[in-house]
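Residue strings, one per chain:
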Amino acid sequence: MQHIFTIDGERADAWLSPSGTSYALIHEGEVTPVKLTEQTGNRAVLTLDGQDTPITIVTINDQVWVHIDGAAHEVVLQSAIDFLGSADGGASSGTILAPMPGTVISVQVAVGDAVSIGETLMIIESMKLETAIKAPRDGVIETLGFAAGQTFDQNALLVTLEGED
Amino acid sequence: MTSLFSAVLVANRGEIAARILRTVQAMGMRGLVVYHAVDRNTPAVRMADEAIEIDGPSPVAAYLDGAQIIAKARAAGAEAIHPGYGFLAENANFAQAVAHAGMTFVGPSPDAIDLMGDKVRARNFVAERGFPVAPSAIEDDEPATFVERARAVGAPLLIKPSAGGGGKGMRIVRDLSLLEEEIARGRSEGQRYFGDGRLYAERYVERPRHIEVQVLGDAHGNVVHLFERECSIQRRFQKVIEESPSPALSPKLRADICEAAAGIARAVGYTNAGTVEFIYGNGEFFFLEMNTRLQVEHPVTEEVTGRDLVADQLRVAAGQPLGFNQEDLTINGHAIELRLYAEDAARDFAPTTGPVIVFRPSPDARIDAGVVEGGEVTAAFDPMIAKVIVHGSDRADAIARADKALAETVLLGCRTNSGFLRRLLADEDFRHGEFHTGTIAEKADLLPEPELSPDLAKRVLAAASLSLRTTREAAEAIPAPHSLIGDWNN
Numbered sequence: 007m008q009h010i011f012t013i014d015g016e017r018a019d020a021w022l023s024p025s026g027t028s029y030a031l032i033h034e035g036e037v038t039p040v041k042l043t044e045q046t047g048n049r050a051v052l053t054l055d056g057q058d059t060p061i062t063i064v065t066i067n068d069q070v071w072v073h074i075d076g077a078a079h080e081v082v083l084q085s086a087i088d089f090l091g092s093a094d095g096g097a098s099s100g101t102i103l104a105p106m107p108g109t110v111i112s113v114q115v116a117v118g119d120a121v122s123i124g125e126t127l128m129i130i131e132s133m134k135l136e137t138a139i140k141a142p143r144d145g146v147i148e149t150l151g152f153a154a155g156q157t158f159d160q161n162a163l164l165v166t167l168e169g170e171d
Numbered sequence: 205m206t207s208l209f210s211a212v213l214v215a216n217r218g219e220i221a222a223r224i225l226r227t228v229q230a231m232g233m234r235g236l237v238v239y240h241a242v243d244r245n246t247p248a249v250r251m252a253d254e255a256i257e258i259d260g261p262s263p264v265a266a267y268l269d270g271a272q273i274i275a276k277a278r279a280a281g282a283e284a285i286h287p288g289y290g291f292l293a294e295n296a297n298f299a300q301a302v303a304h305a306g307m308t309f310v311g312p313s314p315d316a317i318d319l320m321g322d323k324v325r326a327r328n329f330v331a332e333r334g335f336p337v338a339p340s341a342i343e344d345d346e347p348a349t350f351v352e353r354a355r356a357v358g359a360p361l362l363i364k365p366s367a368g369g370g371g372k373g374m375r376i377v378r379d380l381s382l383l384e385e386e387i388a389r390g391r392s393e394g395q396r397y398f399g400d401g402r403l404y405a406e407r408y409v410e411r412p413r414h415i416e417v418q419v420l421g422d423a424h425g426n427v428v429h430l431f432e433r434e435c436s437i438q439r440r441f442q443k444v445i446e447e448s449p450s451p452a453l454s455p456k457l458r459a460d461i462c463e464a465a466a467g468i469a470r471a472v473g474y475t476n477a478g479t480v481e482f483i484y485g486n487g488e489f490f491f492l493e494m495n496t497r498l499q500v501e502h503p504v505t506e507e508v509t510g511r512d513l514v515a516d517q518l519r520v521a522a523g524q525p526l527g528f529n530q531e532d533l534t535i536n537g538h539a540i541e542l543r544l545y546a547e548d549a550a551r552d553f554a555p556t557t558g559p560v561i562v563f564r565p566s567p568d569a570r571i572d573a574g575v576v577e578g579g580e581v582t583a584a585f586d587p588m589i590a591k592v593i594v595h596g597s598d599r600a601d602a603i604a605r606a607d608k609a610l611a612e613t614v615l616l617g618c619r620t621n622s623g624f625l626r627r628l629l630a631d632e633d634f635r636h637g638e639f640h641t642g643t644i645a646e647k648a649d650l651l652p653e654p655e656l657s658p659d660l661a662k663r664v665l666a667a668a669s670l671s672l673r674t675t676r677e678a679a680e681a682i683p684a685p686h687s688l689i690g691d692w693n694n
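Residue numbers (the working numbering), protein chains in the order written: chain V, 7 to 171; chain A, 205 to 694.
In short, the hints are calculated from the structure, not lab data.
For clarity, every value in this text was computed on a predicted model and none was experimentally measured.
Yeah, the Cβ is synthetic: ideal placement off N, Cα and C, and Gly gets one too.
Hints may be right or wrong, so weigh each one.
Claimed, not checked - In silico lysine-lysine, DSSO-like type, Cα no more than 30 Å apart, as pairs:
| no. | chain 1 | residue 1 | chain 2 | residue 2 |
| --- | --- | --- | --- | --- |
| 1 | A | 608 | V | 41 |
| 2 | V | 140 | A | 456 |
| 3 | A | 647 | A | 608 |
Said to hold, decoys possible - Listed below are several chain A residues computed to face chain V (Cβ distance under 8 Å; list not exhaustive):
| no. | residue |
| --- | --- |
| 4 | 250 |
| 5 | 426 |
| 6 | 566 |
| 7 | 614 |
| 8 | 619 |
| 9 | 653 |
| 10 | 662 |
| 11 | 663 |
| 12 | 665 |
| 13 | 674 |
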């Protein structure tokens, strides 16, 4: 079956099929014999088309971290539904997610307030830097996720706007 | 050699606490450290002869609680306290309190900290003694006319909190119609970070380079400089790459700027390690501020001069003379430090967090790290994970070694700026030494991770698919199509 992955947030599809003593990778319409030989200390040798690449690899549930060719990549096996669920959203929809973890410094609006595009809704602070969260479009404040002084994680829901997207 | 102190307590955390302990222990002294519970699993706590837990309303508050730290240091038998950088390092009251408690503060005198800690007083002091400073307006001189006077200095302007440091609360104003708004924002940040909303505004040097000079003084009146570091590669006023020597300075300018720094330190009667920061552009340099502590980027100076600055700090704090002269110091080769941050360059340097599942530093570089395998990168502190420090025969050699060290350093579980650092090292302007403090902001094309090549994407997908149970089980569950297996019909 086809699997949906993200590599560093970018979608990529692939699947495995048994092949000989190992597997074949099916990706972009190509079938390539692949093999992973595990070593100690999270090290492994990836063999693809007969070519060996030394890598370091760890998995946590559906998340894989791999260091290959001098760089680390985060691969996540997505369920198709999760992927579609996050594909809409985005700032113009009126849903504002925290770009990074931090603290709310002040909230300039209240639920029910009408706001215009570009208007400052709240000031947050993350890693010593103040950022103004501005309205992505005209609308009415539907929810405020946090009050001044509260802390939030990355991707926490800060503000939603009512009205059509 | 008899040891200087029986035990030295480090009032800090992360990479700098570990770096200081390394020298303390190498000199035959007991190395103690205080730690908040969130830091239990960090290198300093693991290597200390004694790690003493401190608490507070937040982890940061614990490390700022001077009274608690002094009480615990005394109880543990520490004879000296090294404050590292940040936290209590530039707090004159803390330095005083350490002395009152009968211990030695490893740093300059409270008076020097006080004078240089107030940016306005420091600037006036330096200007009065004939060292160059940039045109400015100081709010304290006459608060009612501050906005007018700032406007009169002219755009572009840099607004800074008087009590500030580390880029916090600094704002560049190019459009004077936004001046009042920016002043209000700078004041609010200054108030929050430093409990002091006073500001000053100064001429912003376009395409400026940040060049600083390491100084060392002893209690016997000796002051030397240990040459310069260039720290112009910054994002949001925070340093990313530092090097020594600076590729921007001619021998004449190097001598001038280093002599100015030593002159300022002498005028202050400075003891211990300090750094005089300058802004440099168009062949001119202006005094920026003096940092009365060990700097994050001190290792590049250690690499080119061959000195251990922490050892020098401890010897000077114990009352020993420096034991060497200016003539004994030379620059050997070239050193570069890269700050490995837990952040996503492509998302405006947003901090990242996560477990440190694998951490395997390159064996070919000095890596001063604040994390260990099994630890965690949290949002509680600064996002710096480690410093990757290399020394080469010349700048090109150091750049090559730096790139190799980054590629070899494996950190899995938390996204870092390693790829971004490697793109900076490969940048033609960087390689030619042509950059300034705004270079990262101008090179937006270096921020995003480039798209993976089809070959690499395929190998990454293969590695991931082969290591995930879900994908392997799915492969076993569904028979392969005929086309995949040659001997299907057998």
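| field | Numbers of the earlier hints that this structure fails to satisfy, in rising order | value | Checked against the structure, the hints that fail are numbers 2, 4, 5 and 6, while the rest are satisfied.
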